[in-house]
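From these two lone chains plus the hints, build me the complex, please.
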Amino acid sequence: MKRANVLSEFGALFALALLFIINVVTRGANFLQVENLRNLISQDAAVGVIAVGMTLVIIAGGIDLSVGSMTAMCGAVAILLLNKLTAFGAGVNGAILLAAVGAIVCGALAGLFNGLVISYGRVAPFVVTLGGLAGFRSIALVLGSGGEIRSQVSGLQDFGFGGIPIPFVKNAGGGPVLFYWSAVIFIGIALLAGFVLNKTRFGRYVIAVGANPRASEYSAINIQTVRLAVYTVLGGFVGLASVLVAARMNSVGTGSVGLYYELDAIAAVVIGGTSLRGGKGRIWGTVVGVLLLTLISNMITAYHIDTNWQGLVRGIVILVAVLIQRGRKENDSF
Amino acid sequence: MRALDDVSVSFEAGEIHGVVGENGAGKSTLMKILGGVQHATSGVIKLDGRPIILNGVRDALRRGIAMIHQELNLVDELTVAENVFLGREATKSGMLDTAKMVEATEAALELLHASFPASEKVGRLSIAGKQLVEIAKAIAVEASILIMDEPTAVLSEPEAVSLFAMIGRLKDRGTTVLYISHRLTEVCEICDRITVLRDGSRIATIDAHGASPSELARLMVGRPIQDFYPAKTQCPTGKLVFELRGFCGVSFSVHRGEILGLAGLVGAGRTELAESIIGARPSGKGELYLDGQLCRIRNPKDAMKLGIAYVSEDRKRLGLHVTLGVVQNISLANLRAYGNVVLNSQKERESARAWEQELDIRAGDFEGPIMNVSGGNQQKIAIAKWLETKPKVLILDEPTRGVDVGAKREMYRLIQRLAHEGMACIVISSELPEIIGLCHRTIIMRDGRVAGELSNDAMSEEAVMHLAAGVEAA
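The listed protein sequences correspond, in order, to chains A and B.
Throughout the first sequence, residue numbering follows this note's numbering, covering 1 to 334 in sequence.
Throughout the second sequence, residue numbering follows this note's numbering, covering 335 to 808 in sequence.
Chain B with its partners taken away, still in its complex shape (with noise of 0.2 Å):
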């Protein structure tokens, strides 16, 4: 397949280019080719205007090109600046020289205002903590071009703000950073330039002052984009579905057919809370209500035949199993319904035919491992898992993270509408525009517990940042 076709783009230095585009559009692909991961099978890649061959990453280091994956390639055990100088460390008279590695780790660390020493263990630090390892990597190595691949999907609003300054601040010494993001608005903000790939061609490249996230977003899908969130239903107010009380130190309620946030910054212990609801992890004290009725849930299989789903916010690691195929992940949280003993293969591939139908899931070969399948559609054959046990509580983490526009608005169509159908679901997102457009209501958490609640009319993404860090309102 043909990931990239004939696409010619130039980067200047000290610049901040972005790099937008539907999942599909070969943007990853791209990357991956400027930094050495992949070879690409036709064209030339000039450096300073010298054409280069990139052998590998290690070759693309050599030359001041460093790349930073959405996965970060960390290991947890070792010390800031061991990892920052793994694979090349160091040497003094054939011994580790530890000294060295730590104060140029030091220094980098600085530049960035890190808030941790080089010698403080990788695993113990936040993610955006080891995000700014990976950045400092590049620093020490002197990289003068910085690839970042959705550098903001797995931070909070604040982390994102400071790394944005840290972005402004490596442009300023010189660096050319590429900025991949899904998110529109912080791309016009931060880049100088963008350029739009769409279905592997280079659509434009435009300057970024003065352009708007839905210019953008029209020439990303090709046609504009109206109301991105659909029009919000009547705030139900029936029935009372599912309620804590003290559950972790955490109390709430959740009507029938409502769409209930849970806002907060990484970190803050929304998807710990959602893991005891479900029994994955020890509550603790607390009681959990559902229909009115008390309920303990020791695992998450007490949670399924309850009628409590929770779509993970890890798709590859606790969501779905990525080497096997579509029939066998959407039927597994089900498969007592097609038989005891022996399987209705013929009744299970029926079932997944439906979905896939229903909520339109593109996963092409429907036997292969849906490991290459794209973000939007594994979280769709994720739902479609837990739609199959037939939820009265859906719990959706994080659930447009590293999916595509269109996918996105397709996901807020597909919660309205099971919220329509009577389901209770609650919408765990550390985006806030995303909280904002689509819920009818907010728990925002603090450290692990309720920092207030917000109503429909009282959300702005002011009033629930200020929850959310703990901040007065002014």
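Here chain A stands alone, though its shape is the one from the complex (with noise of 0.2 Å):
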């Protein structure tokens, strides 16, 4: 492998690495705390989770810029539903689950909406999902009257909370330290999603029709159900994250929550070395640009930067990122 190709290749993991020797030659034990560590993973698993989802979208060619919204959706439906529920008599664990399948059926209709509408009503993926940005945001809205709705079961929070101990592990008062669920869920998702593309039919077929999707219709692949798939994977994901990011605050602020997860989805997906033009991408390098999108953040609020400066620094990485991966001239349109 040439030296340009193992830079584009793994141009991502080695800046997440030297971020990560950065801060262990300046902030050092402080920075190798394992508190800290869990927290890189599971701060921003619920983006990590629909970053994933939206790895096998912009894969199968498409884009979806209503995940934000539709976290908002998503979670408010969980909440409202947590309440009945247990209003009604039902035991905490049972109600939180079904909460859970609530929200998580709530995001793949959503999804399957948009994938009906783009692969069916041939409408560009970009004016659909703006249009979910718009409307499943104002859905939210609704279902909250414009503002938070609070869970008034506190077991959610224990969930949000809860955790595997971390063995061998003491906190300062000599309690275990847990890694959280969300971690847990977010690497699972990522397992998964990895296997689906890379060992199964399914995920041949989204490669081949992000690749070219004519020639993936002439090969007898049913282009239409593949696309309407993974706009629904992605629904279905985008649930199970607003059930992570509910479960955190015990609420949803119907206005707040989920905003600007589209972007950091797709920051995420393009820094992990994801075409955006379809039929080339990884799941890894997508959990890799949302560890390095975290330990960003997380650097700017260790060495007290002023966090206005926050959004800058993630553009600056995000245009590198794609310059270094944009391959050699001759593959380029223009």
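Everything labelled a hint here was simulated from the structure, so no lab data went into it.
Treat the numbers as computed from the prediction; the structure is a model and nothing was measured.
Note that beta-carbon positions come from the ideal geometry of N, C-alpha and C, so glycine has one too.
It cannot be assumed that every hint is accurate.
[Unchecked claim] To give an idea of the interface, some chain A residues facing chain B are shown, with a C-beta separation under 8 Å as derived from the structure:
(1) K199
(2) T200
(3) R201
(4) R204
(5) A208
(6) A211
(7) N212
(8) A215
(9) E217
(10) Y218
(11) S219
(12) A220
(13) N222
(14) G279
(15) K280
[As the list claims (entries may be wrong)] Over the 10 Å line for every Cβ pair with chain B, so calculated as not near, a few chain A residues:
(16) Q33
(17) N36
(18) R122
(19) V177
(20) T307
(21) I316
Structure representation (structure tokens):
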């Protein structure tokens, strides 16, 4: 492999490693605390879950701008459902599970709707999901009367801050340090999506449809079904992500939850080396992209930099990532 | 990799100079260097005796070297005049000088005997018309050297004949034409001198007068090519496999083991018919029978399940996934055979290896994208993809387009073998020698309808042409 290829193949990973080393050198033990490292993975787990789904959509040649608004809508549905169920006397754990399923179904239906209009209505994904960006937020606001919807079940937050105890590690008070469920779910979803993309028939179709939709149609692939499926899967992931957010906050601010998630998710996908032109991409890259973005915001806090700079830094990281990975000149369309 | 090795060749002013060679012989590389697309790693280009350095296509154009690629570079949404002046628009005090551009374009079009005005949208022109626009571009910059890369590959015979006449007129004006083609007969007919390349080296430059296609072919491959088309087998008259009754206004049938030619001019509706058969475009009225059963095909998936395969003429856009590897391309239409959910990649790879052996596919790196694999090998990959599905009916659309001489011959043998094994083959081709040399029977189409049918004995270039062009036989 040539040097330029290695850089474009593993550029994001190198960047993450570099930042990691900078942190280790300058912050030492503070940075390497198990709690801090755990937070890196779990902090943006919701965006991570969405970004993994977004990777599939982008590889299939699409894009989804509606995921942030969809998160608010699904989160609102989840908490309303949870409150209703417990009001009717359902058990806490059962109610949380049902509310989560409700949020996932809600997201999958919203994704299915996007997919239907895109594949059968033949409208560009950008436009359809731009409509979703406005529409789903509006539904969330209506559900929450423009404000916050609070969970009346404290058990929800127990889930949000629950997890698996990390062996041999104690916190300052001598208690166990938990590996949060959100991080477990993020990693699980990423592994699942990676398997689906690289090892299954559906995954191959996703790549083929993104690489050349007409040749795929001529190769006896039902391209409408494939497109429909990736948007639906992403929708389901968004529903799951909304539960992670709601469990953390014990509430859903219908105007604020999920704001700019679409941009963060797409940024992570692009940083990870997935081509926006479709047909080529990788899940692990997206996971690296999410971690990179989290680490950057983490550093801005740690070094007491004015947080107003955060957007600029992210913007630069995205541009540099794309410039490194745009590949050889001959493959460019212009 | 070295595509060209120490080639020296000179072109004289006002000559038509043919450049021939198998795919990979270095024709395209040589022309790209001369056209300013690519830099030579060593050596010099001399123009009118003076050494020059070409910095890109624009620089070449400025020096009077124009290149017409196989894939035309035109903007469909713009008019002929706008395309001709694209990138070097004439202006008058900062505004576009449309009148001047139209006038200059009309002049060029007149020279070319074009039948369309400068104000026509390019998207509405036939491929032959688009090619004229490219040539008009060259005339408008007063190019003294015109490089043409396989201009007749996309033309029907009459269109090609008028192109040759036009090249003759350009020659009379003193233009040098470098003419690359796989069609050796036409190279012998229209060129003054011919340069033969093989494996990146110049083998010979010969006088075209008195040269024969077989001599050229021998120089190209380095050995004589006997019986270019394999001997025909007996016309099968057995079981009918495939039949159209008024399907898109077309009726014909194909027997088991038969090779049926589908001839006609470009635009006669042959590709459209094939795409309707596999359900890639709406078919309207009519009936399609497979093994005597009436079938309804809504999409290519239905066609595949029924055992109808279509190998498209447009390999890069419709036939293959050029960004994917050999294995992924070959298995794609038959992916269910490798697992309903999880794919058995071991089995997938073994099967691709088997096809690689069987069809002698030379794709180099088995994993990498097939983007840069030669035309002949891409075509074999496309065919392997469909043979995977074990079709009863195989429709091949221009199976030898952009394929070199050696691979063409292999292709004919393959088609004949498949037919011999019982497959019903429909071969769409614009190359008459191919139709006549290969097919048991030929249907000739004109304007989307069947214009006639010729049996093996009745097939001749004249007979096919008369039917295709709608002219009564004299």
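Hint check:
Because the smallest distance between the Cβ of K199/A and any Cβ of chain B comes to about 6 Å, under 8 Å, the interface hint for this residue holds. For T200/A, the interface hint holds, the least distance from its beta-carbon to any beta-carbon of chain B being 5 Å, beneath 8 Å. Against a cut-off of 8 Å between C-beta atoms, the interface hint on R201/A holds, since the closest Cβ of chain B lies about 5 Å away. Interface restraint check: R204/A against chain B, minimum CB-CB distance 6 Å, threshold 8 Å, status holds.
The closest approach between the C-beta of A208/A and any C-beta of chain B is roughly 6 Å, which is under the 8 Å cut-off, so the hint is satisfied. Hint on A211/A holds. Least Cβ distance to chain B is approximately 5 Å, under the 8 Å limit. Here the hint on N212/A is kept, as its CB sits about 5 Å from the closest CB of chain B, short of 8 Å. Restraint check, A215/A versus chain B: the minimum CB separation of about 5 Å is within 8 Å; hint holds.
Here the hint on E217/A is kept, as its CB sits about 6 Å from the closest CB of chain B, short of 8 Å. Here the hint on Y218/A is kept, as its CB sits about 5 Å from the closest CB of chain B, short of 8 Å. Among the interface hints, the one on S219/A holds; its C-beta lies about 5 Å from the nearest C-beta in chain B, closer than the 8 Å criterion. Restraint check, A220/A versus chain B: the minimum CB separation of about 4 Å is within 8 Å; hint holds.
Proximity of N222/A to chain B holds as hinted, the smallest CB-CB distance being about 6 Å (cut-off 8 Å). The restraint placing G279/A at the interface with chain B holds, with a minimum CB-CB distance near 5 Å, inside the 8 Å limit. The criterion of a C-beta within 8 Å of any C-beta in chain B is met by K280/A, whose closest approach is roughly 7 Å, and the hint holds. Residue placement check: Q33/A keeps its beta carbon more than 10 Å from all beta carbons of chain B (closest about 40 Å).
Against the 10 Å criterion, N36/A stays outside the reach of chain B, whose nearest CB is about 38 Å from its own CB. Annotated as non-interface, R122/A keeps its C-beta farther than 10 Å from every C-beta of chain B; the closest such distance is 15 Å. The Cβ of V177/A lies farther than 10 Å from every Cβ of chain B, with a closest approach of about 36 Å, so its non-interface assignment holds. Every CB of chain B lies more than 10 Å from the CB of T307/A, the least distance being 41 Å, so the non-interface label holds.
The claim that I316/A is not at the interface with chain B holds, since no C-beta of that chain comes within 10 Å of its own (minimum 29 Å).
Going down the numbered hints, you'll see the structure goes against none, and every one checks out.
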